[in-house]
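**Q** Chain by chain, the residues:
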Amino acid sequence: MSALTDQPATVVRDREMLETSIFLQPIAAPAVLGYFAGATGFLLFGVWFAGELGGAKGAGVLFPFLLLFAGIGQFCAGLWSYRARNAAGASLFGVWGGFWMAYGFLWLMATAHVLTLPVFGHGFQPLGQWFIYMAVITWTTAFATLARSPFQFVSHAVAAAAATIACAGLIAGSAGWEHVAGWVFVAASALFIYHGMAYMLNALFGMVVLPHFSWRGEENKLGATPLVPIEVPEAEPGVRVGQ
Amino acid sequence: MAAISHPSSSVTPTNGRAAGRPRMGVFLQPIAPPVTLGLWGFFGSTMVISTWILGWWGHPGPKDPGYFFIFNAVIGGVVQFSAGLWSFKARDYVASALLTMWGTFWVGWGIVQALGATHGITIPPFTTPQPAFAIWFIPLGIFTFVGSVAALSPRHGNLPLWLLLFTVGVGSWLFCIGLWLGNTTWIDVAAWFFIVGACAAWYVGAMTMLHSAWRRVILPLGRYNRASNVPGRQLEHPTEYALGQPGVRQGAL
Numbered sequence: 001m002s003a004l005t006d007q008p009a010t011v012v013r014d015r016e017m018l019e020t021s022i023f024l025q026p027i028a029a030p031a032v033l034g035y036f037a038g039a040t041g042f043l044l045f046g047v048w049f050a051g052e053l054g055g056a057k058g059a060g061v062l063f064p065f066l067l068l069f070a071g072i073g074q075f076c077a078g079l080w081s082y083r084a085r086n087a088a089g090a091s092l093f094g095v096w097g098g099f100w101m102a103y104g105f106l107w108l109m110a111t112a113h114v115l116t117l118p119v120f121g122h123g124f125q126p127l128g129q130w131f132i133y134m135a136v137i138t139w140t141t142a143f144a145t146l147a148r149s150p151f152q153f154v155s156h157a158v159a160a161a162a163a164t165i166a167c168a169g170l171i172a173g174s175a176g177w178e179h180v181a182g183w184v185f186v187a188a189s190a191l192f193i194y195h196g197m198a199y200m201l202n203a204l205f206g207m208v209v210l211p212h213f214s215w216r217g218e219e220n221k222l223g224a225t226p227l228v229p230i231e232v233p234e235a236e237p238g239v240r241v242g243q
Numbered sequence: 001m002a003a004i005s006h007p008s009s010s011v012t013p014t015n016g017r018a019a020g021r022p023r024m025g026v027f028l029q030p031i032a033p034p035v036t037l038g039l040w041g042f043f044g045s046t047m048v049i050s051t052w053i054l055g056w057w058g059h060p061g062p063k064d065p066g067y068f069f070i071f072n073a074v075i076g077g078v079v080q081f082s083a084g085l086w087s088f089k090a091r092d093y094v095a096s097a098l099l100t101m102w103g104t105f106w107v108g109w110g111i112v113q114a115l116g117a118t119h120g121i122t123i124p125p126f127t128t129p130q131p132a133f134a135i136w137f138i139p140l141g142i143f144t145f146v147g148s149v150a151a152l153s154p155r156h157g158n159l160p161l162w163l164l165l166f167t168v169g170v171g172s173w174l175f176c177i178g179l180w181l182g183n184t185t186w187i188d189v190a191a192w193f194f195i196v197g198a199c200a201a202w203y204v205g206a207m208t209m210l211h212s213a214w215r216r217v218i219l220p221l222g223r224y225n226r227a228s229n230v231p232g233r234q235l236e237h238p239t240e241y242a243l244g245q246p247g248v249r250q251g252a253l
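The listed protein sequences derive, respectively, from chains X and S. For the first sequence, position 5 matches number 5 in the numbering used here, and the numbering has no gaps at all. For the second sequence, position 160 matches number 160 in the numbering used here, and the numbering has no gaps at all.
Keep in mind that the hints were calculated from the coordinates and are not lab data. Quick caveat: nothing in here was measured; it's all calculated off a predicted structure. Incorrect hints may appear among the rest.
[Unchecked claim] Covered by chain X, per the in silico footprint, the following chain S stretches (three or more residues, Cβ under 8 Å):
| hint | region |
| --- | --- |
| 1 | 29 to 35 |
| 2 | 80 to 93 |
| 3 | 151 to 163 |
[Unchecked claim] A few chain S residues facing chain X, derived, Cβ under 10 Å:
| hint | residue |
| --- | --- |
| 4 | 38 |
| 5 | 189 |
| 6 | 211 |
| 7 | 249 |
Note that beta-carbon positions come from the ideal geometry of N, C-alpha and C, so glycine has one too.
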């Protein structure tokens, strides 16, 4: 403290005296966690929604993992996407993370007998209404990913289609449409797993192992170099890639 | 404290360095625009409750919110609040204040509904005057309306943002009157304002995200210059190393 109080403050009043620089900080791709957590949410919910996990009884065991990994995990990936400078990732992972957190809490309250949820397959208007807006948001985000890769657009569009069918099934009270939506969610999950794996493996192997089928042809060639990270190999984690 | 109790030192014009001090500089760090996620939360929450108030779906009375309040509290609340905090890093005065404020509103409303669901309090229907709830909407309306004035700024504002904040600000005051009097006509009129505001929120979120992802104008930005409103125009030139990891490269997932 004495060193601080003994010195005068440094105040600059002329903008020209300041050295201004743009500071870029590399991070591991948040999309790996985002896609893995998103895929998990779609898989768990999709299989359950398709009627394969025993209705309400199955959901009682399902929701903690849905809330924590698909919810909080994916939401954190969304927030880290801000630092990755990816608007589509921040929006998609952030909003679906929030959705699964809320859905997990809904089941938590039902399990604690605070709420009584409708019988499975007989419609659920409030949840159906929320799926309308999740579908709108997911469709919008899909068009953002189209800027980079038509394959990623298809993957996000499948997720958006699943949400669209789910809202129709829940509002109409149609068990058949709910089952269809469930399996489309499972398909979206498979596609999300692919993208998550591609981001991880391509970065770690230093070459394209699984292509994203982006618009730039050179990014799709197996063995091509997708990244040349800036690092100091013998330094600490953060200064070099990995731990 | 040192800055208050001692006079300022002089700084040489050559390098911004004072005697005995490390060099002073400003570093700027680019991030993805946080406003989109925040506005998604606002859009979904506001649409769900406004359409319910207008009777487009569900049952009148306090039963339905018992099911959807959690989604509003988490997506409209926690998610929007987080986007508001990230907006400080984006140096956005309007988003950092208003997304955070509306995020706390939805969390607060969720707490009220949770207390209702656990029978801690009794939530009355809209036909019953609720001045204690109505008064929430006075500051919400004032600050949102102030945001709409800020959205008219020639340098930083845009018309879709103005429409969003103006309709939600006015809607908040109308909602306040309706709740205070227990008058559902005022509440319905407010719900229409909220629907217009929610649609504008989707538009602002979408135009910002698509502009960032495509690196060019996709949806007109509504700024006060022609280039910003012509689809296909490139307005920003990101600083990046094309083969770098996310953060060094813009737009990498």
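**Q** Where does the structure disagree with the numbered hints, that is, which hint numbers, in rising order?
**A** Structure breaks hints 3 and 5.
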